[in-house]
Amino acid sequence: MDAAFFRAWITETAAVIGERRDYLTRLDAAIGDADHGANLARGFGAVTGALAGQETPTPGAVLKLTGVTLISTVGGASGPLYGTAFRRAARSLGDETDAGLPALAAALQAALEGVRKLGEASEGDKTMVDALAPAVDALARAVDDGASEAAALDALVAAADAGAEATTDMKALKGRASYLGDRSVGHTDPGAASTALILRALRDVAARHDTVR
Amino acid sequence: MTALVGIVLVSHSAALAEGAAELAGQVGAGAVIAAAGGTGDGRLGTSAEKVSAAVERASAGAGVLIIPDLGSAVLTVKVLLADLEDDDDAPGPVEVADAPFVEGAVAAAVTAAAGAPLPAVRAAAEEARDARKL
Chain H
1 MDAAFFRAWI TETAAVIGER RDYLTRLDAA IGDADHGANL ARGFGAVTGA LAGQETPTPG
61 AVLKLTGVTL ISTVGGASGP LYGTAFRRAA RSLGDETDAG LPALAAALQA ALEGVRKLGE
121 ASEGDKTMVD ALAPAVDALA RAVDDGASEA AALDALVAAA DAGAEATTDM KALKGRASYL
181 GDRSVGHTDP GAASTALILR ALRDVAARHD TVR
Chain Z
1 MTALVGIVLV SHSAALAEGA AELAGQVGAG AVIAAAGGTG DGRLGTSAEK VSAAVERASA
61 GAGVLIIPDL GSAVLTVKVL LADLEDDDDA PGPVEVADAP FVEGAVAAAV TAAAGAPLPA
121 VRAAAEEARD ARKL
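Heads up: the sequence lines are chains H and Z, in that order. Using our numbering, the first residue of the first sequence is number 1, and each one after it goes up by one. Using our numbering, the first residue of the second sequence is number 1, and each one after it goes up by one.
These are calculated hints, taken from the structure and not from any lab test. Be a bit skeptical, because a hint or two may be false.
Said to hold, decoys possible - Listed next, the in silico SDA-like pairs over lysine to any residue satisfying Cα-Cα at most 20 Å (straight line):
hint	chain 1	residue 1	chain 2	residue 2
1	H	117	Z	98
2	Z	133	H	64
3	Z	133	H	72
4	H	64	H	97
5	Z	78	H	113
6	H	174	Z	83
7	H	174	Z	74
8	H	117	Z	23
9	H	117	Z	83
10	H	117	Z	114
11	Z	78	H	97
12	H	117	Z	70
13	Z	78	H	116
Remember, predicted model here, so these are calculated numbers, not experimental data.
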């Protein structure tokens with residue numbers, strides 16, 4: 001997976017977030033401040049512009065520019081959180097020009113650790129960690145088992161989707177939704193939902209590359 | 001005259017940040033207070049650029065105390081502080097206070113205006129949490 005692949009992932013993410021903007025905003029309207037869809041759409045829109053205007057010769061450079069741009073343009077908590085996630089992943093990838101599955105797994109693990117530390121959230125708090133953590137675990141297991149790229153990324157997406165879905169029954173312990181207490185139960189966490197969309201975009205871009213190859 | 005500790009108030013709302021700065025500046029006359037409220041395009045939220053600019057405005061050499069309100073304000077400030085640690089051109093020590101927004105701002109302003117050092121200004125802001133009103 002080279003820089004072009006990572007640019008395609010981020011571009012696909014921007015498109016998907018744009019399409020699902022109202023869905024994310026609806027989730028956030030139920031338990032937050034109804035700006036998650038609009039904030040992320042603005043942020044990834046700015047990222048697409050930045051990627052078009054700057055040289056990003058490595059996967060790490062693509063993700064670093066993504067993270068830096070999200071931090072400065074989103075305006076909500078997802079900005080510093082996703083910004084940190086992408087910047088940590090970028091640092092993990094270093095100057096590598098072609099990242100294999102193990103490097104991707106390590107980068108997503110670094111992203112998870114960055115989000116956990118910044119947000120001080122654990123699994124079960126009804127946050128993006130509830131989608132990201134099981135996804136990272138599933139990918140690491142698939143890599144250990146020697147799974148193909150397609151199977152490993154399918155496992156990543158399945159775990160992220162299940163993790164996001166599981167937040168519906170949780171009571172929020174972090175973020176704006178935590179002010180709602182028990183009333184946050186019964187609604188899917190918007191951050192977990194957008195995390196699942198971002199990881200799905202990664203899988204979809206990889207699947208498309210495979211058919212082109 | 002020794003330099004004063006600067007105070008930066010970060011709120012989701014520009015009106016809230018500016019109002020708290022006005023109130024704190026009245027009680028702590030002479031304190032250097034910079035407000036960073038809302039997003040760059042005037043919505044509720046946090047702008048990393050506004051926070052960075054406010055830190056520069058408030059910095060006079062004795063350090064800066066940042067007081068955020070909630071959520072993205074806190075997270076944005078934490079990311080900014082982590083970046084400043086890696087930055088050789090950082091404007092002296094910058095710390096964040098875990099404090100109630102208005103009460104913390106007032107307590108910090110009074111303490112900073114008296115010429116107290118950064119740890120004392122931060123402690124004053126954080127102790128405001130325990131000050132009972134009734």
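Here's how the hints hold up against the structure:
1. H/117 <-> Z/98: Within the cut-off at roughly 17 Å; holds.
2. Z/133 <-> H/64: 47 Å, violated
3. Z/133 <-> H/72: 38 Å, violated
4. H/64 <-> H/97: 14 Å, holds
5. Z/78 <-> H/113: Holds. Residue 78 of chain Z to residue 113 of chain H sits at ~15 Å (cutoff 20 Å).
6. H/174 <-> Z/83: 24 Å, violated
7. H/174 <-> Z/74: Holds: residue 174 of chain H and residue 74 of chain Z sit about 13 Å apart, inside 20 Å.
8. H/117 <-> Z/23: 34 Å, violated
9. H/117 <-> Z/83: 15 Å, holds
10. H/117 <-> Z/114: Roughly 35 Å between the alpha carbons, so the hint for residue 117 of chain H and residue 114 of chain Z is violated.
11. Z/78 <-> H/97: 31 Å, violated
12. H/117 <-> Z/70: 17 Å, holds
13. Z/78 <-> H/116: With Cα atoms ~13 Å apart, residue 78 of chain Z and residue 116 of chain H stay inside 20 Å; holds.
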